[in-house]
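Got chain A; can you put chain B on it based on the hints?
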Amino acid sequence: MTTMTRAGTAVRFEHIDKSFGHNQVLHDIVLEAPGGATTCIVGPSGSGKSTLLRCANLLEVPTSGRILIGDEAITDPGADVDRIRTRVGMVFQNFHLFPHHTVLHNVTLAQQRVLGRSREEAVQVARKHLESVGLSRLEDRRPEQLSGGQQQRVAIARALAMDPEVMLFDEATSALDPELVKGVLAVMRDLADRGMTMIVVTHEMRFAREVAQQVVFLDQGRLLEAARPADFFDTPRSDRLRSFLKQVL
Amino acid sequence: MDGIQHVLDTFFDLPLIFSTLPTLLKEGLLNTLFLTVLASVIGLVVGVFLASGLMSRRLVLRLPCRWYVDVLRGLPHILSIYLIGQGLPLAGLNVFGSWTYGYAALAIGLMEGAYMAEIFRSGFQSVEKGIVEAARSLGLSRAKTMRLIVIPIGFRRVLPALTGQFILVIKSTALVYLLGLATGQREMFAIAQDTSSNNASLSPLVAAGLFYLVITVPLTYAVNAWDRRMREGRPVATLPPVEAAA
Numbered sequence: 002m003t004t005m006t007r008a009g010t011a012v013r014f015e016h017i018d019k020s021f022g023h024n025q026v027l028h029d030i031v032l033e034a035p036g037g038a039t040t041c042i043v044g045p046s047g048s049g050k051s052t053l054l055r056c057a058n059l060l061e062v063p064t065s066g067r068i069l070i071g072d073e074a075i076t077d078p079g080a081d082v083d084r085i086r087t088r089v090g091m092v093f094q095n096f097h098l099f100p101h102h103t104v105l106h107n108v109t110l111a112q113q114r115v116l117g118r119s120r121e122e123a124v125q126v127a128r129k130h131l132e133s134v135g136l137s138r139l140e141d142r143r144p145e146q147l148s149g150g151q152q153q154r155v156a157i158a159r160a161l162a163m164d165p166e167v168m169l170f171d172e173a174t175s176a177l178d179p180e181l182v183k184g185v186l187a188v189m190r191d192l193a194d195r196g197m198t199m200i201v202v203t204h205e206m207r208f209a210r211e212v213a214q215q216v217v218f219l220d221q222g223r224l225l226e227a228a229r230p231a232d233f234f235d236t237p238r239s240d241r242l243r244s245f246l247k248q249v250l
Numbered sequence: 127m128d129g130i131q132h133v134l135d136t137f138f139d140l141p142l143i144f145s146t147l148p149t150l151l152k153e154g155l156l157n158t159l160f161l162t163v164l165a166s167v168i169g170l171v172v173g174v175f176l177a178s179g180l181m182s183r184r185l186v187l188r189l190p191c192r193w194y195v196d197v198l199r200g201l202p203h204i205l206s207i208y209l210i211g212q213g214l215p216l217a218g219l220n221v222f223g224s225w226t227y228g229y230a231a232l233a234i235g236l237m238e239g240a241y242m243a244e245i246f247r248s249g250f251q252s253v254e255k256g257i258v259e260a261a262r263s264l265g266l267s268r269a270k271t272m273r274l275i276v277i278p279i280g281f282r283r284v285l286p287a288l289t290g291q292f293i294l295v296i297k298s299t300a301l302v303y304l305l306g307l308a309t310g311q312r313e314m315f316a317i318a319q320d321t322s323s324n325n326a327s328l329s330p331l332v333a334a335g336l337f338y339l340v341i342t343v344p345l346t347y348a349v350n351a352w353d354r355r356m357r358e359g360r361p362v363a364t365l366p367p368v369e370a371a372a
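These protein sequences, in sequence, are chains A and B. Heads up: the first sequence runs through residues 2 to 250, numbered per my numbering. Heads up: the second sequence runs through residues 127 to 372, numbered per my numbering.
One chain only, chain A, in its complex shape:
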């Protein structure tokens, strides 16, 4: 594995609260996802994991608190949301490829329309990333003609083609048939090894243990533990995490 030359960009969540109406789903979250490292967020459903992740590219706007990508406070009023989002790639549970475009066009569209790359350059970059996720031969297919695992790898290539500094994964393997999970996790593992800053909401405990530098436990909108994987899984401090791990391991 080659190491990325760029020093990784850190993501800092500073006292994040988030409410939907009267329903507060995040309570005073303080978390740093270190640059070049993988942070896994685990917890029961409805614990606010996805909401927290979605705050990192402003798909959700925190009710209060500050989020920094590197040195840039993305939550400041007047922040250029569209430009910030080019720095942060996101992969969704249900892939959400553009159904009316081929695989290749899915990966070139934003490069051309957002970054202003030429058609030739966008295609070149797209092919590089499609090759890295093992899908070069399918560039002319439509998303509907691919398996879920292939679609998700296209979605990863689509995000990577924007040269993001940070990658967010929102339960990227949860919608996949079990036999397709491995291929997607392998791509994510490779990305982590290459020094991408990653925040990964996942139920894959083995992935969290083997790949993450930090594992975070969220429960009912509160961050209860953040630790290195060995400590997180072997010596959980809170009862709540102990019982959660007993359920999922």
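Hints listed in this document are in silico derivations from the structure and should not be mistaken for laboratory results. Accuracy of the hints is not assured; some may be wrong.
What the hints assert, rightly or not - Looking from chain A toward chain B, a few residues come up when the C-beta cut is under 7 Å (computed):
#	residue
1	60
2	62
3	80
4	83
5	87
6	95
7	119
Computed from a predicted structure; not experimentally measured. No residue lacks a Cβ here, since even glycine has one placed at the ideal position from N, Cα and C.
Here is chain B on its own, set in the frame of chain A:
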């Protein structure tokens, strides 16, 4: 036997039908199609703008669009055609001079725009929120997401409904007869109607009816097939073999 002959003379007077055919084809069919395309283009443009307005988060945009759609869908077509097609020139708004087609196409287009707006809105709103979020997360602005993602996907999904509406436009063009057309401007219905009253036989109208069916029925089937193909994608057999999934 007299009774049967009378029915045949009324509806299927073949010599009369054949003598009407050349005018019906050369003049009527061309004018009908021209008017249909003109009115549909106006309707599509009006429809897309109205649909965007109907989905706007701003009340000042949404409300006028809502009223427009409700009013024009709620009025009898014949009334709208008179009000717009005759009303504009009468009120001194001679935007098309004495070109009756302009007023006719505008009247039908404005009316159809209201229907197409609802069709477009349902199509645009059928685009999954997740796809919109994926586009936004790549840095596409709200406007670009609308133009490059939501409108193309939504448009494809409502193609069958739009074609159904297009067929209604073809039929609506018959109503411009009411605006009074000069000889060279008559579309199929006007020609058939004039010939029918001149010959005390409805046969020319039957002939015109057949022409309408020849256009509308195959069109419906063609678009259904197109829609099916779009949903299912290219036939898989024409594609190179898929590599192993994982």
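Exercise. Was the hint right that residue 95(A) lines chain B, CB cutoff 7 Å?
Worked result: OK, holds: residue 95(A) within 7 Å of chain B, min 6 Å.
For this session: Using 7 Å as the Cβ threshold, decide whether residue 80(A) counts as touching chain B.
Result: Result: violated, 13 Å to nearest chain B Cβ.
For this session: Tell me if residue 83(A) is really an interface residue toward chain B, meaning its C-beta lies closer than 7 Å to one of theirs.
Result: The hint holds - residue 83(A) has a Cβ within 7 Å of chain B, the shortest such distance being about 5 Å.
Exercise. Quick one, is the residue 119(A) hint okay against chain B at 7 Å, beta carbons?
Worked result: violated (17 Å)
Problem set entry | Status of the hint placing residue 62(A) at chain B (closest C-beta pair under 7 Å) | violated (13 Å)
Exercise. When the nearest CB of chain B is found for residue 87(A), is that gap smaller than 7 Å?
Worked result: holds (4 Å)
For this session: Would you settle whether the hint for residue 60(A) is holds or violated, based on the nearest Cβ-Cβ distance to chain B being less than 7 Å?
Result: With Cβ-Cβ at 6 Å, under 7 Å, it holds.
Going down the numbered hints, you'll see the structure goes against 2, 3 and 7, while the others check out.
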